[in-house]
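J.: If you want the building blocks of each chain, they are given just below.
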Amino acid sequence: MQQEILKAEKLNKYFSEPTTFHVLKDISLSIKRSEFVSIIGKSGSGKSTLLYLLSTMDTDYEGEIFIHDTKITGLSEKALARFRNEHIGFVFQFHYLLPEFTALQNVMLPAMKLGKSDIKTIEAQAMERLRQMEMQDFALKPSGKLSGGQQQRVAIARALINNPSIIMADEPTGNLDSSNTARVFEIFQELMIQGNTIIIVTHDQDFAKKSGRIIELVDGCIK
Amino acid sequence: MLLVNLKISRVQLLARKRQTIIAMLGVTFGIAMFILMISFMKGVNQFLHEVMLSSTPDIHIYNDFKADQSSSITARFYQQDSHKLVIVHHLRPKQINLGLKNAPGIIADLKKDPNITIISPLVSAPLFFDYGSVQVGASVDGVNILEENRLFHLKDKMKSGQLENLLNTQNGIILGDMLASKLNVVPGDLVTLNAPSGTQGRFRVIGTFKFGIGAIDAAKCYVNLSSLQQLLSKNRDYITDIRIKLADNSQAKVLAPILERKYGYKSDDWETTNASMIASDTIRDVLTFVVSFTLLMVAGFGIYNIMNMVITNKMKDIAILKAQGFSGKDIVQIFLSQSLTIGVFGTTAGLILGYLLSYLVSRVPFPGGDIFSLKYFPVLFEPKYYFFGALFGMLTTLLAGVTPAIKASKIDPVAILRGNQ
Ligand SMILES: Nc1ncnc2c1ncn2[C@@H]1O[C@H](COP(=O)(O)OP(=O)(O)O)[C@@H](O)[C@H]1O
Ligand SMILES: [Mg+2]
Numbered sequence: 001m002q003q004e005i006l007k008a009e010k011l012n013k014y015f016s017e018p019t020t021f022h023v024l025k026d027i028s029l030s031i032k033r034s035e036f037v038s039i040i041g042k043s044g045s046g047k048s049t050l051l052y053l054l055s056t057m058d059t060d061y062e063g064e065i066f067i068h069d070t071k072i073t074g075l076s077e078k079a080l081a082r083f084r085n086e087h088i089g090f091v092f093q094f095h096y097l098l099p100e101f102t103a104l105q106n107v108m109l110p111a112m113k114l115g116k117s118d119i120k121t122i123e124a125q126a127m128e129r130l131r132q133m134e135m136q137d138f139a140l141k142p143s144g145k146l147s148g149g150q151q152q153r154v155a156i157a158r159a160l161i162n163n164p165s166i167i168m169a170d171e172p173t174g175n176l177d178s179s180n181t182a183r184v185f186e187i188f189q190e191l192m193i194q195g196n197t198i199i200i201v202t203h204d205q206d207f208a209k210k211s212g213r214i215i216e217l218v219d220g221c222i223k
Numbered sequence: 001m002l003l004v005n006l007k008i009s010r011v012q013l014l015a016r017k018r019q020t021i022i023a024m025l026g027v028t029f030g031i032a033m034f035i036l037m038i039s040f041m042k043g044v045n046q047f048l049h050e051v052m053l054s055s056t057p058d059i060h061i062y063n064d065f066k067a068d069q070s071s072s073i074t075a076r077f078y079q080q081d082s083h084k085l086v087i088v089h090h091l092r093p094k095q096i097n098l099g100l101k102n103a104p105g106i107i108a109d110l111k112k113d114p115n116i117t118i119i120s121p122l123v124s125a126p127l128f129f130d131y132g133s134v135q136v137g138a139s140v141d142g143v144n145i146l147e148e149n150r151l152f153h154l155k156d157k158m159k160s161g162q163l164e165n166l167l168n169t170q171n172g173i174i175l176g177d178m179l180a181s182k183l184n185v186v187p188g189d190l191v192t193l194n195a196p197s198g199t200q201g202r203f204r205v206i207g208t209f210k211f212g213i214g215a216i217d218a219a220k221c222y223v224n225l226s227s228l229q230q231l232l233s234k235n236r237d238y239i240t241d242i243r244i245k246l247a248d249n250s251q252a253k254v255l256a257p258i259l260e261r262k263y264g265y266k267s268d269d270w271e272t273t274n275a276s277m278i279a280s281d282t283i284r285d286v287l288t289f290v291v292s293f294t295l296l297m298v299a300g301f302g303i304y305n306i307m308n309m310v311i312t313n314k315m316k317d318i319a320i321l322k323a324q325g326f327s328g329k330d331i332v333q334i335f336l337s338q339s340l341t342i343g344v345f346g347t348t349a350g351l352i353l354g355y356l357l358s359y360l361v362s363r364v365p366f367p368g369g370d371i372f373s374l375k376y377f378p379v380l381f382e383p384k385y386y387f388f389g390a391l392f393g394m395l396t397t398l399l400a401g402v403t404p405a406i407k408a409s410k411i412d413p414v415a416i417l418r419g420n421q
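In order, the protein sequences belong to chains E and F. Residue 140 in the working numbering sits at position 140 of the first sequence, with consecutive numbering throughout. Residue 379 in the working numbering sits at position 379 of the second sequence, with consecutive numbering throughout.
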């Protein structure tokens with residue numbers, strides 16, 4: 001029996017605008033270390049909403065979430081920020097980088113925030129992550145000058161920099177062409193093989209099939 | 001304060017240099033104007049104060065005979081018969097003594113007060129000079145010239161001649177420079193003074209002085225106390241005014257009424273004598289602060305606007321930072337430090353610009369410098385103005401930066417990140 005790393009109990013989420021809307025209904029799930037979980041479902045079924053809850057960014061819900069035996073539910077804004085910084089790597093659908101910074105600096109920022117290593121070590125680690133994404137040649141380019149696929153690879157490197165317990169991705173290929181999509185999926189498979197815990201929201205059935213477990217959401221319920 | 005926050009702050013500031021510089025210039029201009037205004041206004045105040053104090057003693061004791069009706073005709077009826085009503089029109093004193101009774105006693109008494117540093121007794125009389133066939137009116141002050149010098153720094157105001165020579169010359173006279181040119185005399189010449197009683201005195205011009213106040217320079221002259229007492233046929237105790245200087249002139253207002261009650265003669269303090277001037281001091285001070293405050297407010301709103309705009313443009317970046325574990329406090333630090341950086345550089349530049357402008361103004365020749373003893377526009381260079389300038393600059397930027405920074409820290413990353421999906 002592998003160690004449980006994330007547990008959600010009876011999550012319920014409502015939106016009040018424009019009318020009260022029950023998005024997530026009694027969602028309970030458990031994810032073990034080194035598991036690769038895909039969340040699929042129709043558009044509007046609540047996949048992103050669930051991922052934001054699990055990522056600790058959305059705190060407005062009912063139910064409880066535990067990560068690493070820590071009860072996340074109810075922690076202060078500051079404690080949650082700290083927790084995210086250390087334990088969660090998030091990859092967005094859009095390649096969200098800070099445009100004024102170089103690719104390398106973007107990758108370094110979460111580690112600098114964590115402040116566990118000196119700047120030289122962080123730089124070396126960030127360089128190593130970029131190399132892993134085959135982006136080392138673009139390290140010193142301003143991130144705004146990179147193509148979409150390149151930016152998403154930098155964003156993945158950034159999600160990995162603090163060696164997070166869980167990597168979460170919300171349709172990371174949603175905005176990429178097919179060749180870049182293939183490359184990003186390749187990267188996630190490599191990460192899986194390396195033993196990372198990954199939760200990924202995707203539309204891609206083929207890719208989902210390769211993952212260890214598929215969670216399908218239908219109208220806010222796990223099918 | 002985390003170094004990484006400072007780094008983010010700096011990179012973002014440098015990424016929009018033009019906006020940053022415009023925001024800084026707002027502060028720079030506000031602070032520079034504050035420095036210029038306060039240095040200049042305070043310079044004007046100080047100059048006017050000096051002029052005022054150069055001709056006003058801290059306390060002036062004199063015989064205000066207008067209030068004294070004891071020697072008038074009413075005394076004969078006053079309190080004689082309470083049933084009689086006596087109405088007197090156009091009341092005039094019958095025979096008055098302009099001098100202070102027991103002046104030597106008052107002076108001896110004043111000398112005992114340690115707060116009083118200078119006592120200068122005076123005989124003042126409006127007399128006429130002979131100038132050919134016409135007579136020129138003047139206010140003649142009989143003084144102990146050394147005491148008078150201590151009181152008003154006459155030595156610095158001498159235009160020609162030596163002050164001390166008055167002591168060696170029995171009938172010497174020192175004239176205001178405009179009066180001297182009206183009488184067409186230079187040091188060494190003789191002038192004739194006419195007393196109301198008809199006696200005449202010839203005086204030798206020792207020198208001329210210039211206060212820089214037309215009303216004084218055209219109408220005043222100094223002679224020895226004893227010469228004037230003689231000319232007026234009075235004895236050696238005859239004194240009309242006593243002027244006092246205090247160790248601390250802010251005490252004048254308190255002491256004057258005490259002296260008035262004690263000696264029974266009118267005592268004016270310099271603040272009452274120059275009330276209108278002190279009021280205009282206050283008006284200039286208020287004006288300085290209102291204008292500076294307005295400029296700083298405008299600069300503050302400039303920063304507030306720019307920071308709000310920056311934060312609206314940077315919502316996505318803030319959401320990313322938060323998603324990666326930057327807390328609300330980090331966001332406040334990032335954006336507040338941007339405002340403060342604008343403040344520090346803007347203020348520093350403002351202080352320098354303010355100094356340069358003040359310096360330039362202080363080198364501009366003052367027009368009409370003949371009447372005033374003023375060569376250039378008066379400007380004060382006081383470190384404390386620069387200190388206040390720095391303080392105001394930093395406070396303004398802090399206040400202007402706080403609200404946008406807090407607004408930024410409250411941004412919900414989920415709402416932003418979801419918005420694009
Ligand atoms: N801020 C919001 N206010 C109201 N309704 C929302 C909000 N965000 C999402 N929704 C609704 O919640 C449902 C689930 O959204 P989402 O989790 O983004 O779905 P998915 O990611 O599966 O496409 C959708 O019907 C969407 O319209
Ligand atoms: Mg979604």
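Worth flagging that the hints you see were computed from the coordinates, not collected in a lab. Wrong hints could be hidden among the right ones.
[Unchecked claim] Keeping only pairs whose Cα atoms sit at most 20 Å apart, straight-line, the calculated PhoX-like set for lysine-lysine is:
| no. | chain 1 | residue 1 | chain 2 | residue 2 |
| --- | --- | --- | --- | --- |
| 1 | F | LYS111 | E | LYS78 |
| 2 | E | LYS116 | E | LYS141 |
| 3 | E | LYS78 | F | LYS159 |
| 4 | F | LYS111 | F | LYS101 |
| 5 | F | LYS7 | F | LYS316 |
| 6 | E | LYS10 | E | LYS25 |
| 7 | F | LYS84 | F | LYS101 |
| 8 | E | LYS223 | E | LYS25 |
| 9 | E | LYS141 | F | LYS101 |
| 10 | F | LYS245 | F | LYS112 |
| 11 | E | LYS78 | F | LYS407 |
| 12 | F | LYS234 | F | LYS245 |
| 13 | E | LYS116 | F | LYS7 |
| 14 | E | LYS145 | F | LYS316 |
| 15 | F | LYS375 | F | LYS210 |
| 16 | E | LYS32 | E | LYS145 |
| 17 | E | LYS120 | E | LYS145 |
| 18 | E | LYS120 | F | LYS7 |
| 19 | F | LYS159 | F | LYS375 |
| 20 | F | LYS262 | F | LYS111 |
| 21 | E | LYS7 | E | LYS223 |
[What the hints assert, rightly or not] Reference excerpt, derived from the structure (chain E facing chain F, CB under 8 Å, subset only):
| no. | residue |
| --- | --- |
| 22 | GLU77 |
| 23 | ALA81 |
| 24 | ASN85 |
| 25 | MET112 |
Cβ atoms here follow ideal geometry from the backbone N, Cα and C, with glycine treated the same way.
J.: State the violated hints by number, sorted upward, taking the hints as numbered earlier in the document.
T.: 1, 2, 3, 7, 9, 12, 16 and 17
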